[in-house]
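**Q** Residue numbers (the working numbering), protein chains in the order written: chain X, 2 to 584; chain V, 2 to 584.
A portion of the hints provided could be inaccurate.
One copy or two, it doesn't matter: identical chains are merged, so the pair holds either way.
[Unchecked claim] Calculated cross-link-like contacts (lysine-lysine; reagent style DSBU-like; alpha-carbon spacing at most 35 Å): (1) 49 with 309; (2) 75 with 544; (3) 494 with 426; (4) 393 with 426; (5) 142 with 435.
Since the hints were derived computationally from the structure, they do not count as laboratory data. Predicted model only: the values in this text are computed from it and were never measured.
There are 2 protein chains.
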Amino acid sequence: MPLVTQQMSWQDISAVMQKHRDETYAAVEPAIPEPPKDLPLNVTGVPKQLLSEDVVSITESPTQTLIESLATGKLTSTAVTKAFLQRAGLAGKLVNCITELLPDRALARAQYLDAYLAEHKKPLGPLHGLPISVKEMVGMKGLDLNAGFVAWVGRLAPDDATILKLLWHAGCVFHARTTEPQSLMHLETSNNLYGVTLNPHNTRLTSGGSSGGEGALLGLRGSCLGIGTDIGGSIRNPAANNGLFGLRPTSMRLPMAGLSATMMGAEHIIPVIGPLSTSLAGVKTFMKAIIDQQPWLYEPSLVPLPWKDSTKATLLRTGPNGRRKLRIGVLADDGVVKPHPPILRGIATLVAALAQNNPADIEIVEFPPYKHAEAWRILSALYFADGAAEEKAAIAASGEPVRPLTEWILEATGARELSVAELWKATEARDGYKAAYGRHWNSVNTALPGPLDSDEEGVDVGAVQREEVLDGMVDVILTPTGPGCAPPLGCAKYWGYTSQWNLLDYPCLIFPTGLCAGAEEDGVEEGYTPRNERDRFNYELYKPETYTDAPISLQLVGRRWEEEKVIEALEFMLETAGMKSSV
Amino acid sequence: MPLVTQQMSWQDISAVMQKHRDETYAAVEPAIPEPPKDLPLNVTGVPKQLLSEDVVSITESPTQTLIESLATGKLTSTAVTKAFLQRAGLAGKLVNCITELLPDRALARAQYLDAYLAEHKKPLGPLHGLPISVKEMVGMKGLDLNAGFVAWVGRLAPDDATILKLLWHAGCVFHARTTEPQSLMHLETSNNLYGVTLNPHNTRLTSGGSSGGEGALLGLRGSCLGIGTDIGGSIRNPAANNGLFGLRPTSMRLPMAGLSATMMGAEHIIPVIGPLSTSLAGVKTFMKAIIDQQPWLYEPSLVPLPWKDSTKATLLRTGPNGRRKLRIGVLADDGVVKPHPPILRGIATLVAALAQNNPADIEIVEFPPYKHAEAWRILSALYFADGAAEEKAAIAASGEPVRPLTEWILEATGARELSVAELWKATEARDGYKAAYGRHWNSVNTALPGPLDSDEEGVDVGAVQREEVLDGMVDVILTPTGPGCAPPLGCAKYWGYTSQWNLLDYPCLIFPTGLCAGAEEDGVEEGYTPRNERDRFNYELYKPETYTDAPISLQLVGRRWEEEKVIEALEFMLETAGMKSSV
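In isolation and in its complexed conformation, chain X is listed as follows (with noise of 0.2 Å):
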């Protein structure tokens, strides 16, 4: 690992990371291409330009088709992992996504994994071969693990992260290492060792966060299956400003031990680790290659709830009334923040494909938000209960400066240091608002008469207990992934779409549904009035010509632990619509 003391400035300490991460691009073979200078807004189709054809024919596979090819030897682990090392460090240069790669460790692996093949003539595990990106603060050990914090930069991890070891174990490479925002606490991803990365699709939009580097390089393809983590949003939003399918799964699922962040031990609010992809398989392979492993017995903190293998027709089971259909609740707009035209569109035009082309299985509801900006002001007072004082003291060690999303998203949520009862009542207050929510989504029932109240008292615990009110129920509910698409750069200022969810804990599944089509299609709408200023600060953001080539990505949205429902739901949904479920 590069040299860095305590007696460096910020600055020195952030050329000599750059200078690593480059070091680690000139390691790769054959040699990655130096980008043009002059660049499109779209930098999605450059790769092809430059990169052989073997490289962009591997690295633009499904990668349910790769793993297919790297557990019948189709493809040799060493060849996919050369292609997508080359591909990752062009998206690095391109967009600024990756804080080193790992070409000797992932060759080295690469090479064990082949010779294991040819030997036992059968793969190592689900993952066999299949080289997979991690977000910077997931621990690798003997590498830095700095958070996005200039400070904390020679920190280096004691041991692989609990993830890592499973999925190693599962038989998968790791070759790059992507970058994070300060304070980890953004939806854009900009530090001040790196600096910002950009969206591939259009370069002056963010690519999201704070799982941004992953985003990014997964929109280039550089990778095809990456980790990152989530407490408001960070999976979920990269994964749809760059079109990808993205998984925030439910807290307590998936091993959280190893990674590097400030506010560890908090637990009012529990960040996530999960999948990115470019495609929907990935991240089904990702999840069962994990949960197969019974992480429970690792990390006792989980649930041992086992993978539920399953089809489609687990949803579409015969209940009391006949065949089950699958109930889709669309909360298109939470109450709080109107979503963009495309946004809007999306569903839209989602919702009309279902209804038209399978009315038989699909049916289609209004699912109201209940009080969503209530459950911003809950979380917002949890997420920084210390009073941010630890992302104040990681900045200040170094004297880096305060990036202006971190300054804002200390104001947004007013940031102040709690007593344990405080922190006692604001949990009370999550947990009522949690159960307040469960009642109102047992409320939106399709086999209970007439318009339904969502007030405080919901539905009986009686009535519920009914088996027809049960088969009536909302499966998933499908809602934007954030007010717009990827917003300008600087811009990503409400969480609303995304943080509801981590309140709630519920698992969210992003998938893109196309890319902005411009002002014919997706025009102003004029003459509205704002219902406050978070409203008419998205309102106001909204051009036609600022979004060119954005991704329009949906969310959906399951009840807590039913991840393979909410799987099993959108394999459904896209093969109705006629939707690819890779990109």
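Got chain X; can you put chain V on it based on the hints?
**A** Leaving out everything else, chain V in the frame of chain X:
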């Protein structure tokens, strides 16, 4: 409810509450007999002398027999409820375990259920007609909810606790509410409203706590199934002291809404709710009746783990190495405080019977303790993280005296107010210990060679992947329930044998093995050199004559969320050892 005002002295409030309790006794028909003045130390035989044959026959039936008789109409709920009301009232007069009886509500409910069965020819649910007793702190709509604090008298529950709603839906009757100690943080039961609850097996001993009212009531068979709560031993300790079955489930399995206590909102050490019963089947039926109703639909904090209906065949499944044995780890001594001779004899006797009667299906290994003193340091720092401000305020508000064991636990834990940053550090230490204990459990493994290290490193992840290693893992730990049987009043000052498993959040099942038999079988260990002050206190407490007739109970511990496995294991063990599953 009785009328109290803020102006009344704590003594006057207590007098009002006791008068109310006595009025509920007086409302029971036929009249509850008055116990004689001269009572033996062991009062468990008294009800048989004072109650009618029918009442004795009903109240001494195994729980499962009662459930079956009620479901078929062989017994009416009215008859069963009347019998338990009478016996519960007598128990209250004998050992002071009742805060109020509920004759009006209970009999109205029983009549409804009898009419239901007559009309529908089937029971309302799996607990049809069965009277259940409830610890006072579990809210019942419109009834007092004081949690043992004088100042909280007059707080009426706005609704039934969720768990009561679910039990109600399963068809039960609630007939009695039971005592608890001031602060709920004693392993005994005394408060300034009702005084001290005694152990019916030996009234010089404590009934345990904090669910000591339940323990004493069930010990006298004034109930066959009751509800307690547990944050340091409060279900298990009274179950053990009174020779009952009792289950502390893993957190997030049973619903907690509607309970009253200090420290609501604290989540570093999570209290749980669970059953005490005169039979193992009672424990199992209780759990299944609730979980089959999908309580996670009403409380989103709960984990959606369906109840696993299975037989011991699932424990004795065929593994890669042939028939799977039940593997029992024996942790007889936690290394901090050595258990009294009756406890060690109880374990040795059971282990010998198991080893002798079915060596083919049961394997017994030593389970070394892993830093249990350290566990107490971590746990005790987390209990009163607000510096016990809430307890002190609740006591001061009425001017009631601080009970000696309240004072003692605040001293024993330090009860220091933490900052949020300190709290986070403490929860990190907790999680580190939990993970280390999990690795320790993995390492006590009959499939691994030689004696194993139980150091911080434990077994590596790769090792545990192997199917044969999983197969060799210990299923359950057999361990004491405390450092002795029920101690003399005021002496319950070592929590380690129960609180250890609260820190780890493992499910624990208590079961009786017999009664203390005196000096001949369980003499004092002469010449023993105590390890520390706590060990000395406990050693000096033991004189065989002190513990005449005290139940010798043991504890079976599983991994998180393995309630079904622990119950199955105990069923199999009791059957193998020729012991009864009902007292």
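**Q** Each hint should be assessed against the structure and marked as holding or not.
**A** Hints, one by one, checked against the model:
Taking identical chains as interchangeable, the C-alpha atoms of residue 49 and residue 309 are never at most 35 Å apart, the minima being 38 Å within one chain and 53 Å between chains. In this assembly of identical chains, the alpha carbons of residue 75 and residue 544 never lie at most 35 Å apart, being 47 Å within a copy and 76 Å across copies at closest. In the homo-oligomer, the alpha carbons of residue 494 and residue 426 lie at most 35 Å apart both inside one protomer (27 Å) and across protomers (31 Å), since each shortest distance falls under that limit. Taking the shortest Cα distances, residue 393 and residue 426 sit within 35 Å of each other both inside one copy (25 Å) and across copies (17 Å).
Within a single copy, residue 142 and residue 435 get their C-alpha atoms only as close as 38 Å, which misses the 35 Å cut-off; across copies the closest is 22 Å, which meets it.
In this structure, the earlier hints numbered 1, 2 are contradicted, and the remaining ones agree with it.
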